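Build out the structure end to end from the sequences listed, making use of the hints.
There are 2 protein chains.
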Amino acid sequence: MTKQAVWLWYPGDFEIHQGMLQNFKREERGMGWPAYWYIDDCHRNVKFSRQYTLTATTSFTVYAQGTGYVDVNGTKHQLGHPIICDAGTTTITIFVGNPTALPAIYIEGAVIQSDQGWQASNFITTLPAGHDVLFTDKSQNPNVIVYHRQPVIAKNVTAVDDGVLFDFGRAVNGSVIVNLNRTAPITLCYGESETEARDVAMCYYKQNDVTGTTKVRKRAFRYIFVPAAQVGEVELTAMHEYIPKKNTSMFKSNNQLINQIWNVSTETLNLCSDLFFIDGIKRDRWIWAGDAYQANFMNEYSFFDEDIDKRTLLALRGQDDIKQHIDTIVDYSMLWVIGVLNHYQMTGDKEFLKTIYPKLESMVQYFVAQTNEKGFIYGRENDWIFVDWSEIDKTGTVAAEQILLLEVYKTILACGQVLGESVTEYQTKYDQLLANIMTYFWDDEKGAFIDSYESGKRHVTRHANIFAILFDVVDAQKQQSILKHVLLNDEITQLTTPYFKFFEQDALCKLGQQQRVYQVLLDYWGGMLDRGAVTFWEEFDPKQHGKEMYAMYGDPYGKSLCHAWGASPIYLLGRHFLGLRATQPGYAAFEIEPHLAAFDQLHAVLPVKNGTVTFDKADGQLEITASRDGGTVIVDGQRQVLGAGKTVTVKA
Amino acid sequence: MTKQAVWLWYPGDFEIHQGMLQNFKREERGMGWPAYWYIDDCHRNVKFSRQYTLTATTSFTVYAQGTGYVDVNGTKHQLGHPIICDAGTTTITIFVGNPTALPAIYIEGAVIQSDQGWQASNFITTLPAGHDVLFTDKSQNPNVIVYHRQPVIAKNVTAVDDGVLFDFGRAVNGSVIVNLNRTAPITLCYGESETEARDVAMCYYKQNDVTGTTKVRKRAFRYIFVPAAQVGEVELTAMHEYIPKKNTSMFKSNNQLINQIWNVSTETLNLCSDLFFIDGIKRDRWIWAGDAYQANFMNEYSFFDEDIDKRTLLALRGQDDIKQHIDTIVDYSMLWVIGVLNHYQMTGDKEFLKTIYPKLESMVQYFVAQTNEKGFIYGRENDWIFVDWSEIDKTGTVAAEQILLLEVYKTILACGQVLGESVTEYQTKYDQLLANIMTYFWDDEKGAFIDSYESGKRHVTRHANIFAILFDVVDAQKQQSILKHVLLNDEITQLTTPYFKFFEQDALCKLGQQQRVYQVLLDYWGGMLDRGAVTFWEEFDPKQHGKEMYAMYGDPYGKSLCHAWGASPIYLLGRHFLGLRATQPGYAAFEIEPHLAAFDQLHAVLPVKNGTVTFDKADGQLEITASRDGGTVIVDGQRQVLGAGKTVTVKA
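Going down the list, the sequences are from chains A and B.
Position one of the first sequence corresponds to residue 1 (full-length UniProt numbering), numbered consecutively onward.
Position one of the second sequence corresponds to residue 1 (full-length UniProt numbering), numbered consecutively onward.
I should point out that these hints are in silico values taken from the structure, not numbers from a laboratory.
Because the structure is a prediction, the values reported are computed rather than measured.
No residue lacks a Cβ here, since even glycine has one placed at the ideal position from N, Cα and C.
Be careful, since some hints might not be right.
[Claimed, not checked] So, partial list: chain A residues that the calculated Cβ filter (under 10 Å) puts toward chain B:
| hint | residue |
| --- | --- |
| 1 | GLU27 |
| 2 | TYR38 |
| 3 | ASP40 |
| 4 | ASN45 |
| 5 | GLY66 |
| 6 | TYR69 |
| 7 | VAL72 |
| 8 | ALA101 |
| 9 | PRO103 |
| 10 | LYS323 |
| 11 | GLN324 |
| 12 | ASN382 |
| 13 | PHE386 |
| 14 | ARG531 |
| 15 | GLY532 |
Here is the structure:
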């Protein structure tokens, strides 16, 4: 809600346009790599309108990104010049076209200004105009993202391999200022690792013929190696670019390793989220729905940045018409839908829910159109039934997709009810689907869901079973069966991707396996820190050492060393160890059920909507304080109300 | 068909992108005026692909508008660098993203080049890549239209109103080079008429603070007035911009006025068509489907420029999804469909028909979705049932729209049959619609079609009746009834727009009323020449004189004085006096049935596909010569074959 003037546009257009630009930012060895799916752009022309009942003469000026004019009661006026309106009913319509960027307006005036109440039309649909917290000033241009810049001086400059290696000591996402004390131009070889930077032939990013005046492209790196140079000839200052975020969260315990895991996780998530949640800062730099779905959970327990959430959801979904699944992946489309519910649960933002609901419903209808007579969703030509990089039996319809579809129906039911929309049809679909899932995919003998019932192979993987835990598809007895027969069963192929490990750790904690997950934190994330990680990686295999650690997808430096999903300890610690969760949208009610046996001493702060919850543990006592009402502390089944500014003390 | 390398893009994207830019070029008194309907843009990312079976090693280089890379058999390569391919099967995929303009490629190589055979995909649909005759060279950029420039020196420079008036003697569409012999900047006041240019306050275009280095915007004008200046202080050279077109047509007779009408018509059409058929060069500069439909007929009898036709059809239709009717007008959407058939009839271009057919069919389906149980098309909310600026009874479904829909069905039947598509359903729809039109809209007592049967008013206007003649909806007896009761009946409200007068003159000629039309040519178009017209106007009322001649739409200079439909004498003379028409697609067969009694002497040339027909009349003898086979000369019902290079002589 804004009462001040802000830049306005057709709702979603800013996010869709910037999302397109984001998905075009990938670079690999001198090649641009625009995302390989259908990508929408913003509208090219938009009509803004509003009616005022003026009690006195007033004046206003319309500034626009684009070409156009202002119509006041049928008379045309120029942009950028003051327009005087007499008292009475005044209808203002502003037409703006922009052939290359976002059409947007800013209106300055005492009464008439670009605050809430303006409608925007794409000439088909008229909706409340969109805006963003980043663009509130006339002097701004919503087509130019102004990043804050932070100079980073190299921590170490060393002569190696007949060149100079700069170690900036941290992951930088930005440009480089080059100062040469020689005439010959230089080559910049970048690396997230030292190994990569020094690999002049194969490093992922490289820029040749650089002089002091060359424009150096924005890239992500920790190291830069300048071959054929001597220390003193070359001075490099990295310019890290970022959009500042608030972070009220904190985690300090007697376990320094866990503290460091928390901090590096926060750094990782922070780097992977400026305008949007992207997968990684070096590679792909794309907005993937599956990655963003997870980043949302981590964000809730650290930055609590509602804006990045919203921008990401809007950018992923694109314009009204659905041309293909998000990122081409059926399950990602479904995670997008479920992500809308997660965002609503986190924020209670009914306004945003209203804005996105039509796109939510059309997405759900898109799924319904590809279900069979049993209500099972199937992949069509060019649909990617991904689930995970694992050996999953994908014959016919696949279990994991059906369980996601169940949660999709729960989402539209929940969101539709909030908005008073008619959604009962989805309850029927939910009931049918649930019954058929249990009939066709639940295997009593295996005590688990099988991937496919059509193949006859009765193959069990972790994926569908994990989703079933997370989305409350099965009762306590079946949960335990899944825990025993799948999650804790070494004969079931282990997950190989951190993407799905996130879901697995979440499910394990949900089933009370915090102790196991604690060990995973120490081993997996602690293992990366052992290797000198300053941000968490896309993937980590403790068995790998040296150069092989950096390879992925058949590329020696294909692995991203600052990857959003690497930040999942934030969520695991916040949700399952500190034990905080919203039980009503926007934390109108929330519960804290701590599992902090692993920590002797602890001081932690977590955000909640419009507030924080603080945890202090010492001497077997845990003090929990909340800055807002709505909390309940649960320990050993005992519930205690946690009022605003009050402290509840429990044994822990 | 091209064998040389050309620039390639996703089919339709060049036209849609440039069409968007065209529709954003309107200017009025310092205001931009982007078109007020939904406007598509090109895709932002495109994948080009092709497979070669190479017999030897070869090399190629890909140039692109945008960012991206080249994949050869799974290995990525940079744009702009030579890539070497070994003999064998080679699959090449090129990804290009362009966030602000048209993604396009040009491939240079001995074997592998961007000639015919490349596919382009928007990641949803894969089609043969698009190209344009204007972009055949590596050094070009299909995002930059390079206009030819022709300096135009003022014919008269006179001191008036304390300023200087420049009369360039012709309509210029371009910029101005300013040379000042004083320090103070000047103001440029433009006019298609002298009256407008000298009206410093109200002229349509004006540019203030112009010095010798100011960039002067491209505008259309004949006159420029510089107020508060003296002759000698200011030198202006107009730079007319155009894309050269071939014109093999010619019309020279003993009637100088008709000759001048032909020439000024040709000039008018030429100015209103560079990349696209636009309505007028000063105002709106937009691509209107109704105007373009008519321009296509004039083009066929003068420039025979297939490219402008194709570009205009593609730009008007936009991307696959239909968001609203073309220009928001239901009848314009239908004229667009019929225009596709006209273009095919003119060119026989099956390749283009194949490209556009999916968009043709979806457009027809869009109409079908808004027909009622009688098969009548009705307007939905936000649909504009235009027909014409006339008092038409638009209660319920409207006759003129139904007759257009009949021709729409004929179009899809004809085009579908050419391509072997299944279209029989449309025959059923056609039959039902025709029967219901005759039942509900034909009024025996009135001997004509009524506008609306639902209102009970039985109001007759010319529009539906004219369409019924043009589209052969009624038999000879009813044709004569319409001629008598409508076209030649002064009690039926006269048409007020040149837009519909075009259809009326066409219908009158079709019914043998050339003599009347000849008089209209002399009075209406001759009347404009009497007023000093150098191009034909949007509208002309012989009763108006002085300043009032230039007013339209409530604006003192709202009338466009160079308007495409003003060029209709080209068509009327070519089609109905010289009497040429294609009877098979692409002039595989054509007929010439001359009506040249009004001319004693005449030398005329008309284009046909891949050729010309020449007419020479003197001493009551008419010699008709064709440069290609397929012609038949018809005089008094007698048919004579006209072979290539042969002359048929008839009495005339």
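Against the structure, the hints:
1. Interface hint at A:GLU27: satisfied, since its Cβ lies 9 Å from the closest Cβ of chain B, which is below the 10 Å cut-off.
2. Interface hint at A:TYR38: satisfied, since its Cβ lies 4 Å from the closest Cβ of chain B, which is below the 10 Å cut-off.
3. The criterion of a C-beta within 10 Å of any C-beta in chain B is met by A:ASP40, whose closest approach is roughly 8 Å, and the hint holds.
4. With a cut of 10 Å, the hint placing A:ASN45 at the interface with chain B holds, because the nearest CB-to-CB distance is about 5 Å.
5. Of the supplied interface hints, the one on A:GLY66 holds, with its beta-carbon coming within about 8 Å of a beta-carbon of chain B, less than 10 Å.
6. Contact between A:TYR69 and chain B, as hinted, is supported at the beta carbon level, the nearest pair being about 4 Å apart and thus within 10 Å.
7. Checking A:VAL72 against chain B: minimum C-beta separation of about 13 Å lies over 10 Å; hint violated.
8. A least Cβ separation of about 7 Å between A:ALA101 and chain B falls short of the 10 Å threshold, and the interface hint therefore holds.
9. The interface hint given for A:PRO103 is met, as the beta carbon of that residue sits about 9 Å from the closest beta carbon of chain B, less than 10 Å.
10. The restraint placing A:LYS323 at the interface with chain B holds, with a minimum CB-CB distance near 5 Å, inside the 10 Å limit.
11. Among the interface hints, the one on A:GLN324 holds; its C-beta lies about 6 Å from the nearest C-beta in chain B, closer than the 10 Å criterion.
12. Taking 10 Å as the C-beta contact cut-off toward chain B, the hint placing A:ASN382 at the interface holds, the least distance being around 8 Å.
13. A least Cβ separation of about 16 Å between A:PHE386 and chain B goes past the 10 Å threshold, and the interface hint is therefore violated.
14. The beta carbon of A:ARG531 is not positioned within 10 Å of any beta carbon in chain B (closest approach about 29 Å), and the interface hint is therefore violated.
15. Evaluation of the A:GLY532 hint against chain B yields a violated restraint, the C-beta minimum of about 30 Å exceeding 10 Å.
The structure is inconsistent with the numbered hints 7, 13, 14, 15, although it conforms to all the rest.
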